[in-house]
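Chains as they are written, first to last, in this note's numbering: chain L, 1 to 100; chain B, 101 to 303.
Relax, there's no trap hidden among the hints.
Here are the in silico distance ranges between beta carbons for each label pair:
| no. | chain 1 | residue 1 | chain 2 | residue 2 | range |
| --- | --- | --- | --- | --- | --- |
| 1 | B | 286 | L | 87 | 20 to 26 Å |
| 2 | L | 85 | B | 272 | 36 to 42 Å |
| 3 | B | 263 | L | 98 | 40 to 46 Å |
| 4 | L | 96 | B | 119 | 35 to 41 Å |
| 5 | L | 98 | B | 169 | 32 to 38 Å |
| 6 | L | 55 | B | 119 | 28 to 34 Å |
| 7 | L | 87 | B | 276 | 33 to 39 Å |
| 8 | L | 54 | B | 290 | 42 to 48 Å |
| 9 | L | 54 | B | 165 | 24 to 30 Å |
| 10 | B | 214 | L | 54 | 18 to 24 Å |
Calculated from the structure, these hints are not laboratory results.
By construction, the Cβ of each residue, glycine as well, lies at the ideal position given by its N, Cα and C atoms.
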Amino acid sequence: MNLEAYLLVAALLFSIGVFGALTRRNAIGILMSLELMLNAANLNLVAFSRFVEHGVVGQVFVLFVITVAAAEAAVGLAIVISLYRNFKHINVEDIDLLKW
Amino acid sequence: MNLTWLSGNNLAFYVLALVGLGTAVLTVTVRNMVHAALSLAATLLCVAGLYLTLQADLIAGVQALIYVGAIITLLLVAIMLIHGIADRRISQTNRNWPFGLAVAGGLAALLLAVVVNPANWNVGPPQSGTERAVRTEAFHPVPGATEGRTLEPSLQRQLNELGKVLLSRYLLPFEVASLLLLVALVGAIVLAQEVRKGPHHEP
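Can you build the whole structure from these sequences, using the hints too?
Here is the structure:
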């Protein structure tokens, strides 16, 4: 396969993630959509590393992105559980304490 | 010989891309959040397979271990801790979903318009022509790779270089990443623990 095919898949994956992040009502669904978008970016990085750079620097960057994604998931889910403890739901439309 | 290997790789790409995108759509649309998390696991495994077709074996393994093994498990535990989230009678998308669909569709159209036209990418040396810079040759199998050895020589070289680069040129980000993981661990514990009732802990 050539580079464009991988970029195409990654673009579609990113758009699906954007759709989920915009339309999900609960915070965990939004976190899942964020993981989809991070994966699309990682796929792009690996594809460019394979086809353009011919090295491993792109893969190193993907390793760091995965590390940050793991930290983000842990902290994000802790925030979600803390929200649930305070509000008894995690519906992001109704969590508007900082809005006005 | 070469052609059959190539077509097998292409077939793997198509299957992985289709299954991955389909389960990604399920992830963002399905009502039951447990099913959404399991679809996300399938998507992440398909992306790991795509890494394999890109000959990034270490990344594929890391993806399967960390994403599917750790993050999905964490998501499932959080879903089970939160009461009522797995209720499929509640709509899980907000009432602005047509606008979300429009934004996502517009973004997809924009990205695809750039992706399908490699002449506009502006990648590589400007004089040598982008055709040669971005369209590299197809995969070439290493002769005698699958017989007897534990790793292909090219993969062994790639792993060696990855380890070398990670501990020399990218040593500082490597250490900062470990510090980030420690801070995230402590922060997650602090955020998720029960707030004690006391004079210093006003709700």
